[in-house]
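Here is what each chain is made of, one letter per residue.
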Amino acid sequence: MALFKKILIANRGEIAIRITRACRELGIGSVAVFSDADRDSLHVFLADEAYHIGPSPSKESYLNYKKIIEVAKQAGVDAIHPGYGFLSENTVFAKALEEAGITFIGPTVSNIESMGDKLSAKALMKKAGVPTVPGSDGGVETVEQAQAIAEKIGLPVIIKASAGGGGKGMRVVRKMDELESAFRACRSEGQNYFADPTVYIEKFINDPKHIEIQVFGDKHGNHVHLFERECSVQRRHQKIIEECPSPSVPNDVRLRMGDAAVRAAKQINYVGAGTIEFIFDNTTKEFYFMEMNTRLQVEHPITEIVTGFDLVKEQINVAAGRPLSFKQEDIKQKGHAIEARICAEDPITYKPHPGVIRACRHPQGPFMRVDSYAYPGYEVPIFYDPMIAKVITWGDKRDEAIDRMQRALSEFVLTGIKTNIVLHKTILDHPKFRDGSYTTQFIEKNFEVIEPQLFKEVEDPVFLIAAAITAYNDRKSKDVRQLNLTSNWKRVGRKLQLRT
Amino acid sequence: MYFEAELNGKKYKVDVTEQRSTWKVSLQEEGKNWLHYDISKRDFKEAEQYISFLFEGKSYLIDVIGQDTEYTVFTRNSFRTIKVFNDEMLLHESLKKGGNFGADQELKSGMPGKIIEIFAKEGEIVKANKPLLIMEAMKMENEMRATRDVKIKEIKVKQGDSVESGAVLIKFEEP
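Those sequence lines, one after another, are chains A and B.
Residue numbers for the first sequence follow numbering that gives the first Met the number 0, beginning at 0 and rising by one.
Residue numbers for the second sequence follow numbering that gives the first Met the number 0, beginning at 0 and rising by one.
No wet-lab data here; the hints were simulated from the structure.
Nothing here was measured: the structure is a model prediction, and the numbers come from that model.
For every residue, glycine included, the Cβ atom is placed at its ideal position computed from N, Cα and C.
A portion of the hints provided could be inaccurate.
[To be verified] Beta-carbon label-pair distances, calculated as ranges:
1) A:F325 x B:R41: 57 to 65 Å
2) A:Q144 x B:E153: 50 to 58 Å
3) A:Q405 x B:K31: 27 to 35 Å
4) A:G115 x B:S161: 30 to 38 Å
5) B:S161 x A:V355: 19 to 27 Å
6) A:H236 x B:E153: 28 to 36 Å
7) A:G115 x B:F43: 55 to 63 Å
8) A:N250 x B:K31: 53 to 61 Å
9) B:N7 x A:P246: 42 to 50 Å
10) A:G307 x B:R41: 43 to 51 Å
11) A:Q73 x B:L53: 33 to 41 Å
12) A:R38 x B:K107: 37 to 45 Å
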């Protein structure tokens, strides 16, 4: 079965470049699309062809699937890779491609649909024998029901409003006598904020880690896993450091998690790259299904580095109808990989910091990879995700991978915009990160007063001296300009006076 | 040339002298002694976007972005925002009111974005570290908090407004 002739990449930034690279290595033509704000973005320069798809806001460009399909037809592509985010899990888009006779490089529409809804996904996983967080099967109506469930699954429990989100309508109950008031509070918050009083109860994991398993399936019924990634270092519920393997998962648990993930993929006859996310109890070493991401993920390079397989090429391979190019027994974890997401943001407030990149030099050296779209003179736009680069390092042992990451980050020169590089360096040095005991609350709990730690790297006088010399030169050049404003008559007059 | 500077809430007196082979920079943090630094011009390089010099044996590649009195200095993936006032500016400031430079009576937007929610009301006193508003930029919602106790004098924006970088969002007065 032939691979594709030309692929359109319906995305931007580093992931668009990553896919373009895979296309080029496979001898497949690549088509980039870009919005107004991305005219000068690196993914546009690197692809074979590039088409404008609309104004800067993503709703009018990267999410405008009709326009993207129109461009795909114009460019004569036979497949579209959606990357991550944007249209990657959009069933309307996947269906429209089917109708247009263009291959969607991703899972089937039914795969996306069955995993898109959390409750139905949980039911499917139970059926496949994948552990799910113990709790109520649906809505809980009365205090008595809630008490019975809490007694059965054991404290602590978390009561959540079904329609909740953003931290609203959620209560952790650690003592039985707190349950009634928490139950009532959640119901009333659900009613007030979301017009739905339904609540459900789950076991509360005290020491949670975010562990996910990379799975792959083809159209011939083959399913494999490529082991786990630990993604517990998060700020604002978004991952910033990932590592593979996890320092906390014992080998027998790792194999059980892999088996469970493969069962999950088989259950829905999954096609392509997917990730089964688990919440992992670091105390009991138990794991529970959280959700499935039916797409390639930002952190896929650490799996690539540790297993030696190119996941994007494999996605293309599988989408073209070929069988998986590797079997479960071919997949081994070798060494340790870490990824740090470099974002255009203030490392203290985590606020995005768009602007023009002035100096930019990417780290280099042995056993590392940089996936980036930053270059000097490029203006990081405000319209999209603040991530501008990923640094991935490998080591034979975990400590070596961490030390190598520290070294790489020290080499990274990026000025003009604020970045979180200094935050990464601080995290990598933290004893809880070093010993691998960190959980998803790591940043919240340990970096409340982050400023002094973050700024230990360079002493204040260096900044003051640089600013003072620059201010001196600015003032001097201003004085020179003022002199130039003087009329030539006056200047000649002054010169003549000096001569006499 | 004499300057006054403010960094992380600390005030400094700064004196810069250019000599044939060195920059002599003297710094005095408020209440402390003067410190003198010699930066050799042999090790001082100026490129289009940045400068580089040796400080106590360490080499720094530094990018200084200056606008009016505000200089943002980047080096080694660290940065500082420094307010620098020269003699001319200090004179202007002292003419306006008793040398109280850097007293912020406004909340400004540091980047372009959209106002999602406003918590403060005009006339209200907001305590330090309490949220004032939420602004969206780059797909992130950013909560902007009061840096000190303030009284809200005027709210210049409303929910849903798109604002440019540097736009005044809220004006304060002393509570």
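To see whether the hints hold, each was checked on the structure:
| no. | hint | result |
| --- | --- | --- |
| 1 | A:F325 x B:R41: 57 to 65 Å | holds, 58 Å |
| 2 | A:Q144 x B:E153: 50 to 58 Å | holds, 52 Å |
| 3 | A:Q405 x B:K31: 27 to 35 Å | holds, 33 Å |
| 4 | A:G115 x B:S161: 30 to 38 Å | holds, 31 Å |
| 5 | B:S161 x A:V355: 19 to 27 Å | holds, 21 Å |
| 6 | A:H236 x B:E153: 28 to 36 Å | holds, 34 Å |
| 7 | A:G115 x B:F43: 55 to 63 Å | holds, 59 Å |
| 8 | A:N250 x B:K31: 53 to 61 Å | holds, 57 Å |
| 9 | B:N7 x A:P246: 42 to 50 Å | violated, 35 Å |
| 10 | A:G307 x B:R41: 43 to 51 Å | holds, 49 Å |
| 11 | A:Q73 x B:L53: 33 to 41 Å | violated, 56 Å |
| 12 | A:R38 x B:K107: 37 to 45 Å | violated, 29 Å |
When the structure is compared with the earlier hints, violations turn up for hints 9, 11, 12 and for no others.
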